[in-house]
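**Q** Go ahead and model the full structure; you've got the sequences and the hints to work with.
Here are the chains, one letter per residue:
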Amino acid sequence: DQQVKQNSPSLSVQEGRISILNCDYTNSMFDYFLWYKKYPAEGPTFLISISSIKDKNEDGRFTVFLNKSAKHLSLHIVPSQPGDSAVYFCAARTEYTGNQFYFGTGTSLTVIP
Amino acid sequence: DAGITQSPRHKVTETGTPVTLRCHQTENHRYMYWYRQDPGHGLRLIHYSYGVKDTDKGEVSDGYSVSRSKTEDFLLTLESATSSQTSVYFCAIRPSVGTQYFGPGTRLTVL
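Just so you know, the protein sequences line up as chains W and Z, in that order. Everything in the first sequence is counted per our numbering, starting at 493 for the first residue and increasing by one. Everything in the second sequence is counted per our numbering, starting at 4 for the first residue and increasing by one.
Treat each hint with caution, since some may be false.
Calculated cross-link-like contacts (lysine-lysine; reagent style DSS-like; alpha-carbon spacing at most 27 Å) [to be verified]:
1. W:LYS530 to W:LYS548
2. Z:LYS73 to Z:LYS56
3. W:LYS530 to Z:LYS60
4. Z:LYS14 to W:LYS530
5. Z:LYS60 to W:LYS497
6. W:LYS563 to W:LYS530
7. W:LYS546 to W:LYS560
8. W:LYS546 to W:LYS530
9. Z:LYS14 to Z:LYS60
Partner residues are not named here, just some residues of chain Z that face chain W (Cβ under 8 Å, in silico) [claimed, not checked]:
10. TYR51
11. TYR53
12. TYR67
13. VAL100
14. GLN103
15. GLY106
16. PRO107
Residues of chain Z clear of chain W, computed beta-carbon distances all greater than 12 Å [what the hints assert, rightly or not]:
17. GLY19
18. SER72
19. SER86
20. THR112
If you are wondering where the hints come from, they were derived from the structure by calculation, not from laboratory data. Idealized CB from N, CA, C, for every residue including glycine.
**A** In structure tokens, the structure reads:
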């Protein structure tokens, strides 16, 4: 049973525009949410996280929004750059499952120059 | 650079042989994790450790065992490799409650 879901396998965006990646979850006990970027043949790179007590966190071009009532989070990248082309994973954790992290299946972002 | 290395980076083996993958960290973090990544499944947790000799199972632990005799090393063993264990394996550390950093990965092919 997938507790974290990324329903869009791929997304294409023009350079300079906004990229919005979405993630849904089912477990209301999740207390931290994370986003990772992954290039081929490399390990996932941590991008940004958000605690469940917040609804927004920004870091440069990256902003994560959390809507707890909808059990939905999104990652906004503004402006998008060709180097942002990668697979993006969202993840979540709760202390009630022994500090395990649960990952979505990923969204492949292509930024078109 | 999160100070995580994995060895080997690539391995080809035959069905039925034992395989051990090593994860090494330089930063003395308590929590370490092993994941596998497969198309259509994202990253799935195999086992994790919360201290020396303290380990627990993840969602896909069947066929795998782990050991942690030193803080810096976390070993993943496939006792008798099967073709379904062909995958990319990632190790991770947890520097704080809400973060996790990954190693470069090991690509394992079981023929």
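**Q** The structure should be examined with respect to each hint, and the outcome stated for every one.
**A** These are the hints, each one checked on the structure:
1. About 23 Å separates the Cα atoms of W:LYS530 and W:LYS548, which keeps this hinted pair within 27 Å; it holds.
2. Using a Cα cut-off of 27 Å, the hinted pair Z:LYS73 and Z:LYS56 holds, with the two alpha carbons roughly 8 Å apart.
3. Between the alpha carbons of W:LYS530 and Z:LYS60 the distance comes to roughly 25 Å, so the proposed pair stays at or under 27 Å and holds.
4. A threshold of 27 Å between alpha carbons decides the hint, and for Z:LYS14 with W:LYS530 the separation of about 21 Å falls inside it, so the pair holds.
5. A threshold of 27 Å between alpha carbons decides the hint, and for Z:LYS60 with W:LYS497 the separation of about 22 Å falls inside it, so the pair holds.
6. For the hint pairing W:LYS563 with W:LYS530, the CA-to-CA distance comes to about 24 Å; that is within 27 Å, so the pair holds.
7. Restraint check for W:LYS546 and W:LYS560: satisfied, since their Cα atoms lie roughly 9 Å apart, inside the 27 Å limit.
8. For the given pair, W:LYS546 sits about 25 Å from W:LYS530 by alpha-carbon distance, which is consistent with the 27 Å threshold.
9. This hinted pair checks out: Z:LYS14 and Z:LYS60 have alpha carbons roughly 24 Å apart, not beyond 27 Å.
10. Using the Cβ-Cβ criterion of 8 Å, the hint placing Z:TYR51 at the interface with chain W is satisfied: the shortest such distance is roughly 7 Å.
11. Because the closest C-beta pair between Z:TYR53 and chain W is about 7 Å apart, less than 8 Å, the hint holds.
12. Using the Cβ-Cβ criterion of 8 Å, the hint placing Z:TYR67 at the interface with chain W is not satisfied: the shortest such distance is roughly 15 Å.
13. Interface restraint check for Z:VAL100: the shortest CB-CB distance to chain W comes to about 6 Å, inside 8 Å, so the restraint holds.
14. Below 8 Å, beta-carbon pairs count as interface contacts, and Z:GLN103 has one with chain W at about 6 Å; its hint therefore holds.
15. Checking Z:GLY106 against chain W by beta carbon gives a least distance of about 5 Å; that is within 8 Å, so the hint holds.
16. Given hint, Z:PRO107 at the interface with chain W, holds; its Cβ is 5 Å from that chain's nearest Cβ, closer than 8 Å.
17. Every CB of chain W is more than 12 Å from the CB of Z:GLY19 (nearest about 28 Å), matching its label as outside the interface.
18. Remark: the non-interface label on Z:SER72 is consistent with the geometry, its nearest Cβ contact in chain W lying 21 Å away (cut-off 12 Å).
19. Under the 12 Å C-beta cut-off, the non-interface status given to Z:SER86 relative to chain W holds; the minimum distance is some 22 Å.
20. With a closest Cβ-Cβ approach of about 14 Å to chain W, Z:THR112 is found to remain outside the 12 Å limit, as its non-interface label requires.
Comparing the model with each numbered hint stated earlier shows that hint 12 is the single one that does not hold.
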